[in-house]
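Sequences are here, hints too, so could you generate the full structure?
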Amino acid sequence: MNARAVQTPPIAMLPEPAVIVAKRSFGPEIHAYRLRLLDPTARPRFDFLPGQFNMVYAPGVGEVAISISSDPDEEDLEHTIRIVGRTTRVIDDLEAGDVVGLRGPYGNGWPLRESRFKDLLVVTGGLGCAPVTGAIEYVFRRRASFGHVTILHGVKKAADLVHHSRFEAWRREPNTTVLLTADQPDRAWRDRSGVVTELFEEVEIDAGRTVVLMCGPEVMMHYAIRHLRGRGVPDDRVFLSLERNMKCAVGLCGHCQLGPAFVCKDGPIFPLAKVERFFGVPGL
Amino acid sequence: MTAQKPKLAVFKFASCDGCQLQLLNLEDELLPLAERVEFAYFLEASSRASDGPWDVVLVEGSVTTPHDAERIRKIREQAKFLVTIGACATSGGIQALRNVADVESWKQQVYPHPEWIETLATSTPIAEYVHVDAEIQGCPVAGEQLLRVLSRLLLGATPDLPVASVCAECKRRETTCVLVARAIPCMGPVTRAGCGAICPALGRDCYGCFGPAADANPASLVRHFEASGLSRTDALRRLRHINGWRREFRTLADALETSRD
Amino acid sequence: MSDASWGGVTQPSPGHPEAPPAQWLPRAQLQGLLDALLTRGYRVLAPVVRDAALHFDELKSVAELPVGWRDEQGPGRYRLAHTDASHVFGVVHGPGGIKRHVFAPREPLLQIEMDGPGQGFRAQAVIPAPPRTALLGVRGCDLAGLAMQDRIFLHDRFPDPHYAARRAGLLLIAVGCTRAVATCFCASMGTGPAPSGHYDVALTEVEDGFIAHTGSDAGRDLLAALALARAGAAMLGREREAYASCAGSMQRSLPREALRDLLYENLSHPRFDAVAARCLSCANCTMVCPTCFCHDVRDEPSLDGASSLRVRDWDSCFNPEHAQVHGLNFRPHVRERYRQWLVHKLASWVDQFGASGCVGCGRCISWCPVGIDLTEEVAAIAAAPGARS
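Chains as they are written, first to last, in the numbering used here: chain A, 1 to 284; chain D, 285 to 545; chain E, 546 to 934.
Worth flagging that the hints you see were computed from the coordinates, not collected in a lab.
It cannot be assumed that every hint is accurate.
Computed list of lysine to aspartate or glutamate pairs in DMTMM-like fashion (alpha-carbon distance at most 20 angstroms, straight line) [to be verified]: (1) D:Lys-289 / D:Glu-319; (2) D:Lys-289 / E:Asp-660; (3) D:Lys-364 / A:Asp-206; (4) D:Lys-364 / A:Asp-92; (5) D:Lys-291 / E:Asp-849; (6) A:Lys-274 / E:Asp-806; (7) A:Lys-118 / A:Asp-186; (8) A:Lys-265 / E:Asp-695; (9) A:Lys-265 / E:Asp-806; (10) A:Lys-265 / E:Asp-660; (11) D:Lys-289 / E:Asp-849; (12) A:Lys-274 / E:Glu-810; (13) D:Lys-289 / A:Asp-93; (14) A:Lys-274 / E:Asp-896.
Here it is in structure tokens:
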């Protein structure tokens, strides 16, 4: 057999140069980078759903998997990046005008089209919650297409609430409930204290018409799942955004496995019913 | 990186200079490196030495005297990013054998004027005195690893050296396992990768000069050695060697010694 | 080798009534087969004895084949010995097999030219251009391993162009096993001892020659050049007996049915603690496995900062950093890494790729320095299901 006999496969691994057009910081560790592809004709290949991610490339250094936090209808692609590792520390130093690489989008998104006219319950925790902020913005830009929106967000320390102004804006949306809680509130904290799952006591959940979007520490998701089951929300209506080590993003390098799932290509958004057997087994 | 070249300094403590030589031996890459960095302090290469602060400091050797202990603290104050290089700097080196011996009696035996010798009872890694930003293990370090670390630092990125064992390097280069195929008691399964698996490729055992791999399980390997007929004395020699003061090897050696008595 | 044959179409096994007639290749004519390959411009890789084991190296003369050699294998043990036997393929296998010639241990993926810090860059794929290659002496387990790697690297949404380029020109000449070593259990995994599927020619070594089966047009074309006689019915009978006796001699096995559920239901089994006390987490089992595909992807920047080579190299779920993401390690302990390997190989692999990731070659048993035996681990879990640590 000669080389031509093999179908020419798409070269999936080529990063596309993109310039940082704006950088907004949310505290010292989190920055949102608005990126514009240097080749605008490449943009259609980057059409995405909220919840999907790109591999963001610091030239010569490496790639990190980062969810896309902008709206799918915008030309620019925004990535909210938390500075935590070898590669993100390099991205930390980049400013507007600097060039990074992008390849993607990878994985699947939140089931937002399928959730039209349903109630949404968003449960998030921790510093980043980038995978859900894009989804929330998406919903509010299409407010009439969704029912009641409830956002429960928990942080450890009051200072961890980096998206404060966003939550304030969401609070003002119609037919929307936003509840915030801090495990260790400070004096300026005006919201609830305690862990995020305690907020469940305060909200009404119409189990028949609610879709749940969750993102945050896995232990938080566990407690939330227990609670949601108690409230009669079926597992196939609960969606989790999971995080694992990703090197290739296309299900080849093997690093992101959780049981039979490749988090990069089968996720990062999973219906609970699909990962339930493995999610929560320590060290899996 | 600013227009000004970053300043590189190389310091030596108790050591044989072999790791610095690995840097000098990078003949082809030395000129490109000099284009990118200013060798601000590198006595092995040039007597011209300039004061800190330095962007990157490479430290060879272990701390064996009160003077060393003082000197490394001063260097740390002037170092933006401090990398220890080699077994001496990262584990105390072969001279850390003194740590389990009677230093006073050695002094009396070795030196005509032992009263002139001012030394600590131990030889210890740099990290026991100051914060270390990265380590390059090995006796000596591999030139390829030095370059990998420097190339990344020049891009503003921290090092990404492998932490797993030598075995993967043997398999990648298709060296037959000397332990499995020739029953040679090889330390490769518990030794950190980075050398390119030189020794097994020559048909001999790895003797652990790159120090322990992350999460190494030397206890299981030594059980296997002993079950295959290696004496306790020979097993201990493999542990109390160039990197014998590293916790992973030291605690096992201590336990084996105790259980023998 | 046709596209279809590695697109999932299974060739009939030797001796199968629908198989094209088998032919007789006298041992003296093996050089003729090699010459036919060389004349057709193939680089021929075949098992040779080197460095105390069997490795696939370039072959110019059949005299370089391991005539008379035998391997003896056991948990953590591999020895070669020379005998008076005239068998050419008496050694079952070595540590490496053929995987490295398709899924390379180190593969450059991209060449990236950089304009300077913060500036633009251009990335270009690096596609290997290996010489046209024939693999001679491929065992059933390794054929099954190759078919599985094809499934992983070629038949998903993002076919891998680097693997595809190495795979494209391969001609496969299999050799069935008429002798098993103590660590073999291919019969229980359905991958041997007779080779099935995915070959161009399959040979069975009996007495002073080989029964040759063809599995593709390329294979038929190759044998046609040698003008061989048909293998007689008696010969084919002896072949069947040889395979049956080899299968019967295997000392190890894995249950194929119910293994997936058994492992899924025993993720907290105390056996994983026991094995972690022995496991060196040295990655040898994954490096010698014909199906393991984990690889690291990283940039190797040049010293002058003007370019970077993106490479992948064989990685392992036993590497402490395998499941690490920004400082958080999802599998912090060796017990979890061994469990990942075993449960992936024998259970979640079935969900991912439609079949077990184990081909029964037994290499992970032989080449584990401390002789950990997955069949023993599975048996221990099966003997006490439901136990929790």
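Index of numbered hints that the structure contradicts, given in increasing order: Result: hints 3, 7, 9, 10 break, sorted rising.
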